[in-house]
Amino acid sequence: MRGHEPRSSSSCAACKLLKRRCTPTCIFAPHFRSSDQITFAKVHKVFGASNVSKLLSEVPEEQRQETVNSLAYEADVRLKDPVYGCIGAIASLQKKMLELQHDIAVARNRLLAHNAAGGVNNNNSHVLLSPLDDSPQLAAFLDLVPYSDLMLLDGSGLDAYLFDIGQPPFV
Amino acid sequence: MNPKRCAACKYLRRRCPKDCIFSPYFPPSDPDKFACIHRIYGAGNVSKMLQQIPVQTRAEAVESLSFEAKCRVEDPVYGCVGIISLLQTEIQKTQTLLARTQAEITVAQAKHSQTQVNEFM
Chain A
1 MRGHEPRSSS SCAACKLLKR RCTPTCIFAP HFRSSDQITF AKVHKVFGAS NVSKLLSEVP
61 EEQRQETVNS LAYEADVRLK DPVYGCIGAI ASLQKKMLEL QHDIAVARNR LLAHNAAGGV
121 NNNNSHVLLS PLDDSPQLAA FLDLVPYSDL MLLDGSGLDA YLFDIGQPPF V
Chain B
1 MNPKRCAACK YLRRRCPKDC IFSPYFPPSD PDKFACIHRI YGAGNVSKML QQIPVQTRAE
61 AVESLSFEAK CRVEDPVYGC VGIISLLQTE IQKTQTLLAR TQAEITVAQA KHSQTQVNEF
121 M
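Chains A and B are the protein sequences, given in the same order. No gaps in the numbering here: position 28 of the first sequence is 28 in the UniProt record's numbering, and each next residue is one more. No gaps in the numbering here: position 89 of the second sequence is 89 in the UniProt record's numbering, and each next residue is one more.
Honestly, the hints are just simulated from the structure, not real lab data. A couple of the hints might just be wrong.
[To be verified] Below, a list of computed lysine-lysine pairs in the DSS-like style, where the Cα atoms sit at most 30 Å apart:
| no. | chain 1 | residue 1 | chain 2 | residue 2 |
| --- | --- | --- | --- | --- |
| 1 | B | Lys4 | B | Lys70 |
| 2 | A | Lys45 | A | Lys16 |
| 3 | B | Lys48 | A | Lys19 |
| 4 | B | Lys70 | A | Lys95 |
| 5 | B | Lys70 | A | Lys45 |
| 6 | A | Lys54 | B | Lys70 |
| 7 | A | Lys16 | A | Lys54 |
| 8 | A | Lys19 | A | Lys42 |
| 9 | A | Lys45 | B | Lys18 |
| 10 | B | Lys48 | A | Lys54 |
| 11 | A | Lys96 | B | Lys70 |
| 12 | A | Lys80 | B | Lys93 |
| 13 | B | Lys70 | A | Lys42 |
| 14 | A | Lys42 | B | Lys48 |
| 15 | B | Lys70 | B | Lys93 |
| 16 | B | Lys48 | B | Lys18 |
| 17 | A | Lys95 | A | Lys80 |
[Stated by the list, open to error] If we take Cβ atoms under 8 Å as the criterion, some of the chain B residues that face chain A in the derived model are:
| no. | residue |
| --- | --- |
| 18 | Gly42 |
| 19 | Ile91 |
| 20 | Gln102 |
| 21 | Ala108 |
Idealized CB from N, CA, C, for every residue including glycine.
Whenever a hint applies, use it, and build me the whole structure from the sequences.
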């Protein structure tokens with residue numbers, strides 16, 4: 001048995017593409033099954049097998065599948081959009097977020113205006129309970145979302161990630 | 001040897017030819033930019049990627065590759081996909097908030113109409 005290296009019954013997708021022997025300790029084998037050649041092909045085309053191997057060896061084993069998943073996603077997007085890659089997706093999402101912030105601000109102003117107008121009428125008819133007052137649906141609707149949530153829309157939670165991207169330059 | 005090699009050729013310790021594909025985008029004043037891209041993608045892959053796109057788009061391609069490489073160095077598990085995931089989560093939360101606010105408007109409008117009817121009666 002000494003010196004004998006058991007031959008893997010089937011090569012992983014990486015070793016198949018790289019035309020090499022797939023060993024039991026192959027770093028790619030748990031994450032690039034032989035049934036899915038395409039994923040590794042994309043990752044290899046964008047990042048290169050040796051870079052992927054280095055990246056995987058630098059993360060804990062339990063996080064390697066997540067790493068492979070994100071690399072595969074990035075590679076896929078880069079191949080579809082060779083100029084902007086994932087940055088195009090980020091720019092689109094930022095734009096969507098800005099539009100939603102605007103819509104929230106408009107809706108909030110409308111609600112404030114309605115409540116202000118309703119306040120005048122409510123004073124005159126506060127003894128008349130609207131049937132809606134006892135409605136659990138109304139209660140749910142009137143359970144105002146803390147507007148401090150809107151602070152998230154300023155991007156404070158994103159600063160750590162956005163690396164001073166500023167206005168999306170790629171849109 | 002060109003005394004003013006681009007950052008890529010300096011890093012790769014090679015001569016920087018006049019038609020070097022990297023030199024317009026990797027000035028010697030910013031060695032970290034190429035080092036980071038090389039670490040994640042490799043010089044050969046970047047060169048191939050740049051060759052496959054029109055010249056006028058290469059500067060932007062290099063910027064996007066640089067950003068993604070930085071993200072991957074900072075977060076080896078998720079890279080810039082972490083940003084995408086975070087943005088998608090925030091957008092979903094915001095859409096929910098918008099839907100709730102619009103529902104509140106509807107309820108307020110209905111309440112206002114009901115009050116007006118009561119007053120009329």
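Here's how the hints hold up against the structure:
For the hint linking Lys4 (chain B) to Lys70 (chain B), the alpha-carbon distance of about 25 Å falls within 30 Å, and the restraint holds. A distance of roughly 15 Å separates the Cα atoms of Lys45 (chain A) and Lys16 (chain A); the hinted pair therefore holds under the 30 Å criterion. Straight-line distance between C-alpha atoms of Lys48 (chain B) and Lys19 (chain A) comes to about 22 Å, which keeps the hinted pair within the 30 Å bound. At most 30 Å may separate the alpha-carbon atoms for a hinted pair to count; Lys70 (chain B) and Lys95 (chain A) meet this at roughly 22 Å.
At most 30 Å may separate the alpha-carbon atoms for a hinted pair to count; Lys70 (chain B) and Lys45 (chain A) meet this at roughly 19 Å. Using a Cα cut-off of 30 Å, the hinted pair Lys54 (chain A) and Lys70 (chain B) holds, with the two alpha carbons roughly 16 Å apart. With a CA separation close to 19 Å, the supplied pair Lys16 (chain A) and Lys54 (chain A) stays within the 30 Å bound. Between Lys19 (chain A) and Lys42 (chain A), the direct Cα distance comes to roughly 16 Å. Compliance with the 30 Å bound is thereby established for this hinted pair.
Between Lys45 (chain A) and Lys18 (chain B), the direct Cα distance comes to roughly 27 Å. Compliance with the 30 Å bound is thereby established for this hinted pair. Pair hint Lys48 (chain B) plus Lys54 (chain A) holds up; C-alpha atoms about 21 Å apart against a cutoff of 30 Å. Our distance criterion of 30 Å between C-alpha atoms is met by Lys96 (chain A) and Lys70 (chain B), whose separation comes to about 24 Å. Using a Cα cut-off of 30 Å, the hinted pair Lys80 (chain A) and Lys93 (chain B) holds, with the two alpha carbons roughly 28 Å apart.
Restraint check: the Cα-Cα separation between Lys70 (chain B) and Lys42 (chain A) comes to about 20 Å, which is no more than 30 Å; the hinted pair holds. Restraint check for Lys42 (chain A) and Lys48 (chain B): the C-alpha separation of about 14 Å stays at or below 30 Å, so the hint holds. Among the hinted pairs, Lys70 (chain B) with Lys93 (chain B) is consistent with the structure: their alpha-carbon atoms are about 28 Å apart, no more than 30 Å. A C-alpha spacing of about 18 Å is found between Lys48 (chain B) and Lys18 (chain B), which places the hinted pair at or below 30 Å, so the restraint holds.
Taking the CA atoms of Lys95 (chain A) and Lys80 (chain A), the gap is near 20 Å; set against the 30 Å cutoff, the hint holds. Nearest Cβ of chain A to the Cβ of Gly42 (chain B): about 4 Å, under the 8 Å cut. The hint holds. About 6 Å separates the beta-carbon of Ile91 (chain B) from the nearest beta-carbon of chain A, less than 8 Å, and the hint is met. Proximity of Gln102 (chain B) to chain A holds as hinted, the smallest CB-CB distance being about 6 Å (cut-off 8 Å).
Annotation: Ala108 (chain B) was flagged as interfacial toward chain A, and the flag holds, the nearest CB pair being 4 Å apart, inside 8 Å.
The structure shown violates none of the earlier numbered hints.
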